[in-house]
Structure formats: C-alpha cells, structure tokens
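Visitor: So the chains spell out like this:
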Amino acid sequence: QKEVEQNSGPLSVPEGAIASLNCTYSDRGSQSFFWYRQYSGKSPELIMFIYPNGDKEDGRFTAQLNKASQYVSLLIRDSQPSDSATYLCAVKAAGNKLTFGGGTRVLVKP
Amino acid sequence: SAVISQKPSRDICQRGTSLTIQCQVDSQVTMMFWYRQQPGQSLTLIATANQGSEATYESGFVIDKFPISRPNLTFSTLTVSNMSPEDSSIYLCSVGGDTGELFFGEGSRLTVL
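Protein chains in written order, with our numbering: chain F, 79 to 188; chain H, -11 to 101.
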C-alpha cells in the first residue's frame, strides 16, 4: 500500500463548477498536510496546508481533513481554466520528510 | 518563502556520463532536499543534505550514484553519475518553510540518450 494515494484522473470539470479532490494516507501519526499545484513543465507550488485541528479556506480553495478515516480533500470552487493542473497531496509524519501522492490531473473545460 | 535557483534548467546527456546540478538559495537554511520526478510520476525524495555532514539517502538511492555536496548554508549540488536513460527525470531542489511546507526550485530537466 502506498503511503499517500490519489486518483490520477483526469478529473474533468466544467468552468464554474466545484472540483473535488481526495487523498488518503496510511500513517496515523501524520501531523501536517499540504496541497500543491503543478502546471505542466513547472515545479510544484504550495496552495494550502492544514494541521489536524480543522478545515481551512483560502479564497476559492477549501482543504478538509478527516483524521479518523485518514483522508484529506481539496475543493476548488468556481473552477477556472487556469486551475487546470496536477494537484499533489503531501503528508508529513514525524521528522522532516514530506511524502507526496501521485497527483490528480484536473481539466477545467470552458 | 525562499528564492531557489537551479542550474542547469535542462540538459541532454549521453549514456555513461555524469551531470552536476546546482542549487542556490537566497537565505541560509539548515536542510536542503533533493527530489526526483520521473515522467508522469510524482515526487520521490532522493536525499536530505545538511551542511557539515554527509547527506542522508532514502531507500533505493545511494551515494555512489547520487553524490551530494553541501559546502555552506545556501548552496548544494547533486550529481547524477554514470547516467542511463532511466535517469531521465526532473530533479528538484527544495527547502523547508516555517510551517513544515517545502518550497521548490524550478527544477532541472534531464534527458539521457
């Protein structure tokens, strides 16, 4: 079983709709959770991080954590064509190592 | 967030040769991390580089293949030795932020023929 798992997609979403992405992790001791966006040919950029004490909203993005079920979700509201990218979930357990999921490719269609 | 510069941004290399990738950060950092992203894949940690000590390698990566230098708190190099086509990847340098996140350089896209 992979440590961090994501559906590879592509997740096709009409412009203006909500894109919903999920990520599951195996280490119950994980303390920090991150979402990165990676455009084709570019390096990953951080868009959200959450600690295990609640959801987090930033503009059109909402990250939710369910510790009991060991999954993290990312909602993108009012999806725009510029949101088309691969979204990487990353999880940090004890220590400094960040483990990445395989990424979900999102396509927002005008 | 730190500004991270990598060189080269891309290169095409011949099988059996070696290439050194440089990573420069605009501030002093304790740890620097080297990741590999193979085509269509996610990021895999190669090693963690601390200044003044040997790098710590992840399972599946060895110093002879990926020697790392960390001469000071703002600079590191990763060498990909005796390259084969399987080493064709993007190599990413990263540093940690205040809340545990990582920030990445632009990446070095390596193609081995």
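By construction, these hints were calculated from the structure, which means they are not laboratory data. Hints may contain errors.
A partial selection of chain H residues facing chain F, derived with a Cβ cut-off under 8 Å [stated by the list, open to error]: (1) D75; (2) S76; (3) G93; (4) G95; (5) L98; (6) L101.
Ideal placement from N, C-alpha and C gives every residue a C-beta, glycine not left out.
Visitor: Is the hint on H/L101 kept, meaning its closest Cβ partner in chain F is under 8 Å away?
Guide: Where the cut-off is 8 Å and the nearest Cβ of chain F is about 20 Å from H/L101, the hint is violated.
Visitor: Answer holds if the nearest beta-carbon of chain F is closer than 8 Å to that of H/L98; otherwise answer violated.
Guide: It is violated, given that the least Cβ distance between H/L98 and chain F is near 14 Å, above 8 Å.
Visitor: Against chain F, with CB atoms and a cut of 8 Å, does the hint on H/G93 hold up?
Guide: holds, 6 Å
Visitor: Answer holds if the nearest beta-carbon of chain F is closer than 8 Å to that of H/G95; otherwise answer violated.
Guide: holds, 5 Å
Visitor: Is the shortest C-beta separation between H/S76 and chain F less than 8 Å?
Guide: Constraint on H/S76 not satisfied, violated at 15 Å.
Visitor: Return the status of the interface hint for H/D75: holds when the least beta-carbon distance to chain F is below 8 Å, violated otherwise.
Guide: violated, 19 Å
In summary, the structure is inconsistent with hints 1, 2, 5, 6 from the numbered list given earlier, while agreeing with the others.
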